[in-house]
Amino acid sequence: MDEKVKVLLVEDHPHMRKSLRRLLESDKAIEIVGEACDGREGVEMCVKLKPDVVLLDVGLPVMDGIEACRMMREKEPSAKIIMLTSHNNERDIFASLAAGANGYCLKDSDFRKFPQIVQTVKGGDLWLDAVIAAKVLKVLPTTASTLISQKLPAEQQIVYEPLSKREVEVLELLVDGLSNSDIAARMGIGIETVKTHIKSILGKLAVSDRTQAAIKALRAGII
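In this text, residue positions in the sequence shown follow this note's numbering: the first is 1, and each later residue adds one.
Read the hints as simulated data drawn from the structure, not as lab findings.
Treat the hints with care, since some could be wrong.
[To be verified] Here are the in silico distance ranges between beta carbons for each label pair: (1) I191 / M16: 43 to 53 Å; (2) L23 / I191: 35 to 45 Å; (3) M63 / K107: 18 to 28 Å; (4) F111 / R40: 20 to 30 Å; (5) D176 / G203: 13 to 23 Å; (6) E25 / S78: 19 to 29 Å; (7) A206 / A130: 14 to 24 Å; (8) H15 / V62: 12 to 22 Å; (9) A134 / I191: 14 to 24 Å; (10) T196 / E90: 25 to 35 Å; (11) K75 / K4: 18 to 28 Å.
[As the list claims (entries may be wrong)] Straight-line distance between alpha carbons at most 25 Å, and here's what the computed BS3-like set of lysine-lysine pairs gives: (12) K75 / K122; (13) K122 / K6; (14) K113 / K28; (15) K50 / K113; (16) K199 / K165; (17) K18 / K48; (18) K122 / K204.
Note that beta-carbon positions come from the ideal geometry of N, C-alpha and C, so glycine has one too.
Working from the sequences, and respecting the hints, build out all of it.
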């Protein structure tokens, strides 16, 4: 039998913690191993309990969620971190990704998806709510390149299948937010060729979509 996914909840609102616990515990594959109500306590519990996944509120007392995320990544790099917030401002989104978050979810999302989100992130994929993903692609060229400046050792040490020179060119344009047709026009190639390059890029980076590829490439220093 597979081991349960160990989850740590770090949320300062008791009602939200209770709701998250109830929902996640309805999935027999998930175990809540601890709860914390501020960022500093969350970091301490992360080190002590070594959870697989941390659900971490952005707006925490004592130590905010972004700083807590950064410290968790330093002290317990194997933990996957999903940021929770009631707001979708761009600075928090990119600061969280720069700090090493593996997911970013709005609290008004469909709560029934949270067990799936936990499992997805535990499996090594990034998770962004649709509205967050749209913001990422919209401002990635200007904001993310500035905020994602301190690359994480764990990301830098990932061994990727080398991208071809052409694939790197496509990836750079993808990060700039260009559509497939725009990339094709810029590079002077057919749109089907662009799709083939993108499919190859996703496979080599072990991600499932363009947003994940862009973020992973920036965090790992590929481009």
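Here's how the hints hold up against the structure:
1. Between I191 and M16, the C-beta spacing of about 45 Å keeps the proposed range 43 to 53 Å intact.
2. Our hint of 35 to 45 Å for L23 and I191 holds, since their Cβ atoms are close to 42 Å apart.
3. Evaluation of the 18 to 28 Å hint for M63 and K107 yields a pass: the beta carbon distance comes to about 19 Å.
4. Hint check: F111 to R40, Cβ distance near 27 Å, so the stated range 20 to 30 Å holds.
5. Separated by about 21 Å at the C-beta atoms, D176 and G203 satisfy the suggested range of 13 to 23 Å.
6. Between E25 and S78 the C-beta distance comes to about 23 Å, which sits within the given range of 19 to 29 Å.
7. Hint check: A206 to A130, Cβ distance near 22 Å, so the stated range 14 to 24 Å holds.
8. Checked against the hint of 12 to 22 Å, the pair H15 and V62 passes, with Cβ atoms roughly 20 Å apart.
9. Distance hint check for A134 and I191: the Cβ-Cβ separation is about 22 Å, which falls inside the suggested range of 14 to 24 Å.
10. Judged by the Cβ atoms, the range 25 to 35 Å given for T196 and E90 holds: they are separated by roughly 32 Å.
11. About 23 Å separates the C-beta atoms of K75 and K4, a value consistent with the hinted range of 18 to 28 Å.
12. For the hint linking K75 to K122, the alpha-carbon distance of about 18 Å falls within 25 Å, and the restraint holds.
13. A threshold of 25 Å between alpha carbons decides the hint, and for K122 with K6 the separation of about 10 Å falls inside it, so the pair holds.
14. For the suggested pair K113 and K28, the alpha carbons sit about 15 Å apart, so the restraint of at most 25 Å is met.
15. For the suggested pair K50 and K113, the alpha carbons sit about 24 Å apart, so the restraint of at most 25 Å is met.
16. Between K199 and K165 the CA atoms are separated by roughly 15 Å; this keeps the pair inside 25 Å, and the hint holds.
17. About 22 Å separates the Cα atoms of K18 and K48, which keeps this hinted pair within 25 Å; it holds.
18. A threshold of 25 Å between alpha carbons decides the hint, and for K122 with K204 the separation of about 19 Å falls inside it, so the pair holds.
Checked against the numbered hints above, the structure breaks none of them.
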